[in-house]
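K.L.:
For reference, the chains in residue letters:
Protein chains: 2
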Amino acid sequence: MPQLAPHIFELLHQQGVQHSFGIPGDFALTLYDALAESEIEPIVMTHEPCAGFAADAYSRIRGLGLAVVTYGVGGLNMVNSIAGAYAEKSPLVILSGAPGVKERQYHDLLHHKVKTFDTQRRVYEEVTLYSTTLNDPRTADLKIHRALDYAMTFKRPVYLEIPRDLVYAEIEEVEHRPPPIKRTDANTLEEALTEILAMLERAKSPVILVGSEVHRFGLQSQVIALAEKLRVPVCSTILGKSVFPEAHPQYIGIYNGEAGAPYVRNTVEESDCLLMLGVFMTDVNLGMFTAHLNPSCAVYATSERVAIKHHEYPHIRFEDFINTLSNNCNLPHKNSSTIARMKPRVAPSPGKISMSGLLYELNQFIDSNTLLVTDVGDVLFAADDIQTREGSSFLTSGFYASMGFGIPGVIGAQLADPFRRAIALVGDGGFQMTGMELLTVKRLGLKPIIIVINNGAFATLRIMGHQDADFVKIASLDYAQLAFVLGGCGFEVQTGQELREALSLARERDTFSILDVRISADDVSPALQRLSALFAKKLKG
Amino acid sequence: MPQLAPHIFELLHQQGVQHSFGIPGDFALTLYDALAESEIEPIVMTHEPCAGFAADAYSRIRGLGLAVVTYGVGGLNMVNSIAGAYAEKSPLVILSGAPGVKERQYHDLLHHKVKTFDTQRRVYEEVTLYSTTLNDPRTADLKIHRALDYAMTFKRPVYLEIPRDLVYAEIEEVEHRPPPIKRTDANTLEEALTEILAMLERAKSPVILVGSEVHRFGLQSQVIALAEKLRVPVCSTILGKSVFPEAHPQYIGIYNGEAGAPYVRNTVEESDCLLMLGVFMTDVNLGMFTAHLNPSCAVYATSERVAIKHHEYPHIRFEDFINTLSNNCNLPHKNSSTIARMKPRVAPSPGKISMSGLLYELNQFIDSNTLLVTDVGDVLFAADDIQTREGSSFLTSGFYASMGFGIPGVIGAQLADPFRRAIALVGDGGFQMTGMELLTVKRLGLKPIIIVINNGAFATLRIMGHQDADFVKIASLDYAQLAFVLGGCGFEVQTGQELREALSLARERDTFSILDVRISADDVSPALQRLSALFAKKLKG
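So the protein lines, in turn, are chains W and X. Reminder that position 499 of the first sequence reads as 499 in the working numbering, one-by-one numbering, no gaps. So the mapping is simple: the working numbering equals the position in the second sequence, first residue as 1, plus 1000.
Please keep in mind that the hints were generated in silico from the structure rather than gathered at the bench. Heads up, a few of these hints could be off.
[Said to hold, decoys possible] Calculated from the model, a selection of chain W residues having no Cβ within reach of chain X, i.e. all distances over 12 Å:
{"hint": "1", "residue": "E41"}
{"hint": "2", "residue": "D136"}
{"hint": "3", "residue": "T139"}
{"hint": "4", "residue": "E170"}
{"hint": "5", "residue": "E190"}
{"hint": "6", "residue": "R231"}
{"hint": "7", "residue": "E390"}
{"hint": "8", "residue": "D417"}
{"hint": "9", "residue": "S504"}
[Unchecked claim] Under the rule of at most 25 Å between Cα atoms (straight-line distance), these lysine-lysine pairs were calculated in the DSS-like manner:
{"hint": "10", "chain 1": "X", "residue 1": "K1182", "chain 2": "X", "residue 2": "K1204"}
{"hint": "11", "chain 1": "X", "residue 1": "K1204", "chain 2": "X", "residue 2": "K1309"}
{"hint": "12", "chain 1": "W", "residue 1": "K473", "chain 2": "X", "residue 2": "K1229"}
{"hint": "13", "chain 1": "X", "residue 1": "K1473", "chain 2": "W", "residue 2": "K537"}
{"hint": "14", "chain 1": "W", "residue 1": "K204", "chain 2": "W", "residue 2": "K309"}
{"hint": "15", "chain 1": "X", "residue 1": "K1182", "chain 2": "X", "residue 2": "K1143"}
{"hint": "16", "chain 1": "X", "residue 1": "K1115", "chain 2": "W", "residue 2": "K182"}
{"hint": "17", "chain 1": "W", "residue 1": "K204", "chain 2": "W", "residue 2": "K229"}
{"hint": "18", "chain 1": "X", "residue 1": "K1537", "chain 2": "W", "residue 2": "K102"}
{"hint": "19", "chain 1": "X", "residue 1": "K1143", "chain 2": "X", "residue 2": "K1102"}
{"hint": "20", "chain 1": "W", "residue 1": "K447", "chain 2": "X", "residue 2": "K1473"}
{"hint": "21", "chain 1": "W", "residue 1": "K143", "chain 2": "W", "residue 2": "K102"}
{"hint": "22", "chain 1": "X", "residue 1": "K1352", "chain 2": "X", "residue 2": "K1473"}
{"hint": "23", "chain 1": "W", "residue 1": "K115", "chain 2": "X", "residue 2": "K1182"}
{"hint": "24", "chain 1": "W", "residue 1": "K473", "chain 2": "W", "residue 2": "K352"}
{"hint": "25", "chain 1": "W", "residue 1": "K182", "chain 2": "W", "residue 2": "K143"}
{"hint": "26", "chain 1": "W", "residue 1": "K115", "chain 2": "W", "residue 2": "K102"}
{"hint": "27", "chain 1": "X", "residue 1": "K1309", "chain 2": "W", "residue 2": "K442"}
{"hint": "28", "chain 1": "W", "residue 1": "K309", "chain 2": "W", "residue 2": "K229"}
{"hint": "29", "chain 1": "X", "residue 1": "K1115", "chain 2": "W", "residue 2": "K143"}
{"hint": "30", "chain 1": "X", "residue 1": "K1442", "chain 2": "W", "residue 2": "K473"}
{"hint": "31", "chain 1": "W", "residue 1": "K115", "chain 2": "X", "residue 2": "K1115"}
{"hint": "32", "chain 1": "W", "residue 1": "K182", "chain 2": "W", "residue 2": "K309"}
{"hint": "33", "chain 1": "X", "residue 1": "K1204", "chain 2": "W", "residue 2": "K115"}
{"hint": "34", "chain 1": "W", "residue 1": "K343", "chain 2": "W", "residue 2": "K204"}
{"hint": "35", "chain 1": "X", "residue 1": "K1204", "chain 2": "X", "residue 2": "K1102"}
Computed from a prediction, not measured in an experiment: that's the story for all the values here. Virtual Cβ for every residue (Gly too), placed ideally from N, Cα, C.
Work the whole structure out from these sequences, hints included.
P.N.:
Structure (structure tokens):
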């Protein structure tokens, strides 16, 4: 009979999980023993919020991530990161050590306990799709398979709590029966397809808008094939950035409502047949609700809903929808030579570097080997004008928008994909939350390039009419000097030329590098400038 | 009519709250406007876990703490710290900004949202005594008073969520009626008192064991008076350390089961009348269940339960119990000159510094002006052999035991009590979690002395049979060098003499200092050595 924790690690390893992220603790000590004996390498982080972010980023590349933490002080310190993975549909397995089944009976006040022994599981119920305590060897296998099925099918985190006296318990194996999931009704799908093909045939200006679910469900190549057959312009949301390769000749840029480039906005909003594939209709994706999308011209498909114009087609699985559409669209629309790419709103900075100048240099530097992770704040809006090359080369917390994602995200991403060079673009606020995790970067011998926007402020709050508020200021720090103390290389950057030089030196370094880019607090990215102007207009009007 | 948020801040200020801890965000921007206009100073931290710890430490000195955060990414990132405050009965008010009532109706996918708009409140329900969203101006005042009453009466955190469109809403004031709380039954109290006085009269070796609730309910002077009338030895638990002044002639030391000093253990365990006042019966307080306390000789009183021997007296409030006992005990037991103080198990280190040598120097340095905060790990066990002077001069996360408490705790403590000099004793693991918060220390001009036990390992996990496990190692870092980058002073300490010198230099510095004390990974505090030996014996036997 298999043993509980070793069995879980074996199943996870079969799913492609080679690393776990977390911190041990006494209630998780035996669990870590089992982990260390497994095929999965435990990455010990400095702080649990970082462990959650790293596992999330890892999942976004590998398709599944793993965090292993201790009870109470460990698990409850990771709630925010897991909430982000839930909100943005990143499948994770969270394993938490816990007091033993026997201890729970005899001792009421064990350390790390809050209200009841069930407190942590109840908290996780709010931020995962499935949460349970594996407290019975007879039901454990069933629960483990259910958790994995849920994570893989719905792309959400699941939580398993393991009492420390059951880590090596022998468990009864059950026949693995996948839970009943939504199945596609063939007639519904055919009817939907017929309607879409008719729409496409009549359409003068069809456009594809790609969202993150295309990536979560591994449907990138099908969407590329679809776009190439239709020969139509393709754009993406912020959260779906780089799901469609940004270097593809049909790619025109990020759609971001009025905050985005007018050319993309017009192309999307004036389209008479907009195929929205795997798009979350969130405020961030819709330019903070400045989008003007006409449902009468739209096809909307996600894992939760397929709709054409104002009517819905239930009983269609997203994967089946995309596959069928991709296989059956054989009507090239117009010659792709007329498709123009959005021009990033950036320009070289001759003197002191600006956000625009920074993005210009970054775009020059990014190549097909780059894996870019951005934190949250102006660095998220800035991504509008960054051009990556290959598909799946951009990661961010683009809807849940949790600051601090950047540095731990780069660790997860770099371990999941060791063949590309990771770059993190982080604000000073985000850096101060989780930057200490560079100690783990150093320990692992990773070599990401960290670009810190050092402007001494929460720029996104400043532009909301709070230029002078003390509470939007961020403590100053010499990030370049800090880099050396943490075991990396530091570069202070004041001009575009210095940034160019620092990037090319950092590329050659055998450690991580921090580029401390001194940006004026009044200077923000083109997208945030645009939002700021809209905000000012709204305040006046 | 008063306005919602300004009204809350006014009530909190009346309770002695002069500082709040947190980070703004767009959903909390208006709330921060109201905060900045109030009498309370907003302290902007670098990371929400730190904001919760700082507010907790502040509360432990001032009697009430305040954290103000944004929705989702802010609130959910502070769950662990608030869970700790709940577990250790530290009263806090958590205010969270949130999407407006109107926004919630029209937009489903606002950023920072997890499952539903109620997710965060539901999570907080698990780690606070009372949680509610102030979404109606007609009921807001009632809920606000209820929250404050609960926090103050039961010494637990409470959570109020404030939709951003109601921050300045005019609210209807209600007549403030305190909720029905446990009232003392006079006959019950008299019967209990009579029984205790009879026990004391017969007793040959009565002892008082003081716990943290004596401090939470502000009953220190009553307990000191009681002890002086009875002339009996007094000791405390780890969590209750320094609630009774450690320099008091009747104080004998920390009771910690078999992990503690044998003299204290014998005094407590052989007592024929043990008065346990405000003691949590937790594993940490009881030397990881190595305590042997005989209920037949014990009086046990907390806010939750009053018991003598094996029977309980319900309907007695803790405050009334302590006051009555203190006022009515007029039977001096024996001459306090026979009371000997526990000798700390420490000695100067002639060569390379040891934990024992470190504690020796620290005890020499501590004076009546010292406010000591320890983190969790061996530094918590080490507190057994540290001697503070005045009452209420020691803070730690002694039951919930969350690493990372030290540095943010020192910020809350120092702001709550600016007249004493704060010292933090932290391990390298705890430092790496929250040490970046020294940027806030610098910004505020605070001058704590941070002593880092730099041993490159989770020492408490190592001693549990895991000396060689890779996953108990901590990344190396030059903490002294880091101090300068963060704006303070750093000292590398290899010997006892160097520690003595560094402490006296740090005392004169006008910034914070980090003392990077290089301890061998095999060397742990006397209390942890003792636990380690017990653990090894258990493994063998």
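K.L.:
For every hint, state whether the structure bears it out.
P.N.:
Hints, verified against the model:
1. For W:E41, the condition that its CB be more than 12 Å from all CB atoms of chain X is violated, with the nearest at approximately 10 Å.
2. The claim that W:D136 is not at the interface with chain X holds, since no C-beta of that chain comes within 12 Å of its own (minimum 23 Å).
3. Every C-beta of chain X lies more than 12 Å from that of W:T139, the closest at about 24 Å, which supports listing it as non-interface.
4. The Cβ of W:E170 sits about 23 Å from the closest Cβ of chain X, beyond the 12 Å cut-off, so the non-interface label holds.
5. Taking the minimum C-beta to C-beta distance to chain X, about 30 Å, the non-interface status of W:E190 holds against the 12 Å cut.
6. The beta carbon of W:R231 is kept farther than 12 Å from every beta carbon of chain X, the shortest such distance being approximately 31 Å.
7. In this structure W:E390 is separated from chain X by more than 12 Å, as the shortest Cβ-Cβ distance comes to about 27 Å.
8. Against chain X, the non-interface label of W:D417 holds: every CB pair exceeds 12 Å, the least being about 23 Å.
9. At the 12 Å boundary, the C-beta of W:S504 stays outside the reach of chain X, the nearest C-beta of that chain being 25 Å off.
10. Proposed proximity of X:K1182 and X:K1204 is contradicted: the alpha carbons are some 34 Å apart, above 25 Å.
11. Restraint check: the Cα-Cα separation between X:K1204 and X:K1309 comes to about 17 Å, which is no more than 25 Å; the hinted pair holds.
12. At roughly 54 Å between alpha-carbon atoms, W:K473 and X:K1229 are farther apart than 25 Å, so this suggested pair is violated.
13. For the hint linking X:K1473 to W:K537, the alpha-carbon distance of about 55 Å lies beyond 25 Å, and the restraint is violated.
14. Pair hint W:K204 plus W:K309 holds up; C-alpha atoms about 17 Å apart against a cutoff of 25 Å.
15. Of the pairs offered as hints, the one joining X:K1182 and X:K1143 holds, with about 20 Å between alpha carbons and a cut-off of 25 Å not exceeded.
16. Pair hint X:K1115 plus W:K182 holds up; C-alpha atoms about 20 Å apart against a cutoff of 25 Å.
17. Annotation: proposed proximity of W:K204 to W:K229 holds, straight-line Cα distance about 16 Å (limit 25 Å).
18. Restraint check: the Cα-Cα separation between X:K1537 and W:K102 comes to about 21 Å, which is no more than 25 Å; the hinted pair holds.
19. Straight-line distance between C-alpha atoms of X:K1143 and X:K1102 comes to about 21 Å, which keeps the hinted pair within the 25 Å bound.
20. Distance check on the hinted pair: W:K447 and X:K1473 sit about 21 Å apart at the alpha-carbon level, within 25 Å; holds.
21. Note on W:K143 and W:K102: the hinted pairing holds, with a Cα-Cα distance of about 21 Å set against a maximum of 25 Å.
22. For the hint pairing X:K1352 with X:K1473, the CA-to-CA distance comes to about 21 Å; that is within 25 Å, so the pair holds.
23. A threshold of 25 Å between alpha carbons decides the hint, and for W:K115 with X:K1182 the separation of about 20 Å falls inside it, so the pair holds.
24. Restraint check for W:K473 and W:K352: the C-alpha separation of about 21 Å stays at or below 25 Å, so the hint holds.
25. Proximity of W:K182 to W:K143 is assessed by CA-CA distance (about 20 Å); at most 25 Å being required, the pair is judged to hold.
26. Taking the CA atoms of W:K115 and W:K102, the gap is near 18 Å; set against the 25 Å cutoff, the hint holds.
27. For a cut-off of 25 Å, the pair hint linking X:K1309 to W:K442 is broken: about 57 Å separates their Cα positions.
28. Our distance criterion of 25 Å between C-alpha atoms is met by W:K309 and W:K229, whose separation comes to about 23 Å.
29. At most 25 Å may separate the alpha-carbon atoms for a hinted pair to count; X:K1115 and W:K143 meet this at roughly 22 Å.
30. Distance hint between X:K1442 and W:K473 is fulfilled; the C-alpha atoms sit about 14 Å from each other, no more than 25 Å.
31. For the given pair, W:K115 sits about 23 Å from X:K1115 by alpha-carbon distance, which is consistent with the 25 Å threshold.
32. A distance of roughly 22 Å separates the Cα atoms of W:K182 and W:K309; the hinted pair therefore holds under the 25 Å criterion.
33. The suggested pairing of X:K1204 with W:K115 is violated, with an alpha-carbon distance near 39 Å, which exceeds 25 Å.
34. Restraint check: the Cα-Cα separation between W:K343 and W:K204 comes to about 24 Å, which is no more than 25 Å; the hinted pair holds.
35. At roughly 69 Å between alpha-carbon atoms, X:K1204 and X:K1102 are farther apart than 25 Å, so this suggested pair is violated.
Consistency with the previously given hints fails for numbers 1, 10, 12, 13, 27, 33 and 35, ordered from lowest to highest.
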